[in-house]
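S.K.: If you want the building blocks of each chain, they are given just below.
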Amino acid sequence: MLQATDLTKRYEDGLLALDHLNLQVKEGEIFCLLGANGAGKTTTINLFLNFIEPTGGQALINGIDVNKDPLEAKKYVSYVSENVMLYGNFTARQNLDFFAKLGGKKNLKKEDYHMYMRKVSLPERAFEMRLKNFSKGMRQKLGITIAIIKDAPNILLDEPTAGLDPKAAAEFIKILKALRDQGKSILMCTHDIFRAKEIADHVGIMKEGRLVMVRTREEFLEEDLEKIYLEYMQEAVVA
Amino acid sequence: MILSIALKEFYTNLVSARFVIGFLLCLLLIPLTLVVNINDYKSKVTAYETQKKEAAEKLKIRVWSYLQPRIVRPPESLSILSRGVSYQLGNYVDLTFTAKPFKASGQTGTSDNPMMGTYFSVDFCTILAIVLSLLALLFTYDACSGEREQGTLKMLLSNSIPRSVVLLGKVLGACLTLLPIILFCYLLCALAILISPDVAFSADEWLRIGLVLLASIFFFATFAFLGLFVSSMFRHSAASIIVCLLAWVFFLFVTPNVSGYVADSLLETPSEQALAVNTNKFTSEKWKEAEKFRGEQPRGAFDWQYSRPTAGGAVETSGATPVFLEWYRQGNKVVYTHMIESAEGRWLLEKEFLDRQDRQRLLAERLSMVSPAQVFQLLSSSLCRTDVESYKRFMESTRRYREELIQYLRNGNLFDSYKFFTAVDPNVMMTTDEYYNYRTGGRIKTEAEFEQWLKDNPGKSWNSIYTRDRPSVDRASLSLLDLSDVPRYKGVPGGVALSLQDSLVELAILVCVSVMLFYLSFIAFLRYDVR
Chain L
1424 MLQATDLTKR
1434 YEDGLLALDH
1444 LNLQVKEGEI
1454 FCLLGANGAG
1464 KTTTINLFLN
1474 FIEPTGGQAL
1484 INGIDVNKDP
1494 LEAKKYVSYV
1504 SENVMLYGNF
1514 TARQNLDFFA
1524 KLGGKKNLKK
1534 EDYHMYMRKV
1544 SLPERAFEMR
1554 LKNFSKGMRQ
1564 KLGITIAIIK
1574 DAPNILLDEP
1584 TAGLDPKAAA
1594 EFIKILKALR
1604 DQGKSILMCT
1614 HDIFRAKEIA
1624 DHVGIMKEGR
1634 LVMVRTREEF
1644 LEEDLEKIYL
1654 EYMQEAVVA
Chain V
586 MILSIALKEF
596 YTNLVSARFV
606 IGFLLCLLLI
616 PLTLVVNIND
626 YKSKVTAYET
636 QKKEAAEKLK
646 IRVWSYLQPR
656 IVRPPESLSI
666 LSRGVSYQLG
676 NYVDLTFTAK
686 PFKASGQTGT
696 SDNPMMGTYF
706 SVDFCTILAI
716 VLSLLALLFT
726 YDACSGEREQ
736 GTLKMLLSNS
746 IPRSVVLLGK
756 VLGACLTLLP
766 IILFCYLLCA
776 LAILISPDVA
786 FSADEWLRIG
796 LVLLASIFFF
806 ATFAFLGLFV
816 SSMFRHSAAS
826 IIVCLLAWVF
836 FLFVTPNVSG
846 YVADSLLETP
856 SEQALAVNTN
866 KFTSEKWKEA
876 EKFRGEQPRG
886 AFDWQYSRPT
896 AGGAVETSGA
906 TPVFLEWYRQ
916 GNKVVYTHMI
926 ESAEGRWLLE
936 KEFLDRQDRQ
946 RLLAERLSMV
956 SPAQVFQLLS
966 SSLCRTDVES
976 YKRFMESTRR
986 YREELIQYLR
996 NGNLFDSYKF
1006 FTAVDPNVMM
1016 TTDEYYNYRT
1026 GGRIKTEAEF
1036 EQWLKDNPGK
1046 SWNSIYTRDR
1056 PSVDRASLSL
1066 LDLSDVPRYK
1076 GVPGGVALSL
1086 QDSLVELAIL
1096 VCVSVMLFYL
1106 SFIAFLRYDV
1116 R
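Chains L and V are the protein sequences, given in the same order.
Per this note's numbering, the first sequence starts with residue 1424, numbered consecutively.
Per this note's numbering, the second sequence starts with residue 586, numbered consecutively.
No wet-lab data here; the hints were simulated from the structure.
Note that CB positions come from ideal geometry on N, CA and C, so glycine has one too.
Result set (DSS-like, lysine-lysine): computed pairs, CA atoms no more than 27 Å apart in a straight line:
#1 V:Lys871 x V:Lys936
#2 L:Lys1524 x V:Lys739
#3 V:Lys739 x L:Lys1532
#4 V:Lys1075 x V:Lys638
Chain L is faced by these chain V residues, among others (derived, beta-carbon under 8 Å):
#5 Met586
#6 Lys593
#7 Val600
#8 Ser743
#9 Asn744
#10 Ile746
Over the 10 Å line for every Cβ pair with chain V, so calculated as not near, a few chain L residues:
#11 Asp1429
#12 His1537
#13 Met1552
#14 Asp1588
#15 Ala1593
#16 Glu1621
Let the hints inform the model, and build the full structure from the sequences given.
M.R.: In structure tokens form, the structure reads like this:
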């Protein structure tokens, strides 16, 4: 489970990037954070990964305060960035092997990695191909494979479908659904409202560091989410 | 975990263009440097053999006053690795009674052709310092900033791994990459030494090479940690590489030159020519003083086959009256005592000059120690016995040997012996009367008759009465002195322990700087903004 309690971040230059964020992502749930650039979505992810220290509040992963015990907390979380950039001179399998070992999975064999890559529909020819020859879609799939291998109960995704073609994005969403069905708690930051509507169990809209709206799946399916989102965005522009 | 990261770093470096270029650069430059240096060493050995023969010839002496041997310093075989100052300073010293050894003479420079001097100024350690310090920086400048830009650092640190482990893995990875290159270079060096028939290394010398290798590892660690530190300070690898390259140029090229210039400006030394004028004048005055101690030349004391004393005090007569020989013998003790004491006075002038030169050198050295490259050069030259201290030790050993020889002559009362200045038995020398009798073909029998003839023939040259040339002795036919019990020059003391003692400060600096840079990288990386 991922939980933010009054999570606040003010940078050295005085910018309030996150203002008392409260959210909870339960097991088997996908929480999509929507918002314009600079709304605080990536800051939230960075706080959950202890890349930056919070000014106030707590980020909890499976009940562990990330700021107090980051190493223990990170055992229970996987991360997929907007632009998965792994090691270009390594093959897909070598990259998986490296990150699997970092994630604590040490006894995996070549066949195991191949099996994982098949799971995310990576073409067979790509398994032993150097990553510098991968398309963005293939790299994103490899990124989620790393998360799958780590098998952490929580997954943080930062704009994972940005720049993907519709087919690749659809495949990626399918994988995320499967992971949710396995009981993973998924926090996904995105601009892509259509993908969010497709898979989210909760949607939160962030504006200027604050979570200004949260809706359950039932709620946002009944409402016009696009319209609400646009209204918030326009307010942001006017403000 | 550390090993996984280290292996990843190693593999990434291994397949990179910089590794290939670095490796090829070493493959090209190291053998070339070794060939050049081995050839230089060979030519130095040839020159040394010639000088040794000359020195042996110089010691075929008939009189003790010529006991002024030439001490030739053998070329240092380890100069193949590090030339230090060995090629800038002379390699032999001619001992004299009138001056303590001041500086070595002999050929300086690397080439027989002095106009080619600028083309042969690199050695193995210099090449290592230049190429591998650059490689160390190239392998580490983007260790953090590059991964941050690439986005892999976030992926890496999103796992449950302490940053210290990541950094240690990177350090180990850089070591795994650089160590084979360093070892490869030393392997090439060892092969070149083993293959070359002109170079033979003793166990002591191999041990020294091992120590230079150890110093190289610390040196490269310093640059690798510097690269890591810079990489942990900047967000962009472009900024890291610029800072690293500036640091490299500063440490490798700017610091040694600037420190020399600053030391030269801050501590001036008088010109050596001015010193030579002063010391020569000093010695010549002392000679004049000393000759006065002999007193008036007594009646009947004259010579006919005599070489005036050299500036160093070597003198030989093969023809003189017994009165002259006795007068000269008695004067020698006091004259040479005075000249040997005067050598101390001359030495004070020279020592003052050398001390000033040494202070200037020390200042330049201390200033240049800002650069790890310079520290490494000093350390390697010290371990290879091509540093200033080794030269100074050689000079000190020649001064000690001169004292030993003087003491030997004193103990054997040789200064006031006939053998000090003549190889001819004084008993067979012509007396004054015999001399005039011989030169005038019997017309004049005694000295008194000769003086009377001069009175009776005013204005006439006394040469006009001589009918025969001066009696002459073929010096080459005279027997040589037996020098078997003369103390031998024992050479320069200097085991590995002594070199280590000399280079302890440099070694400590390298270790401390590398540890400090590692610590700074560690702190910087703990605070590094991975976003």
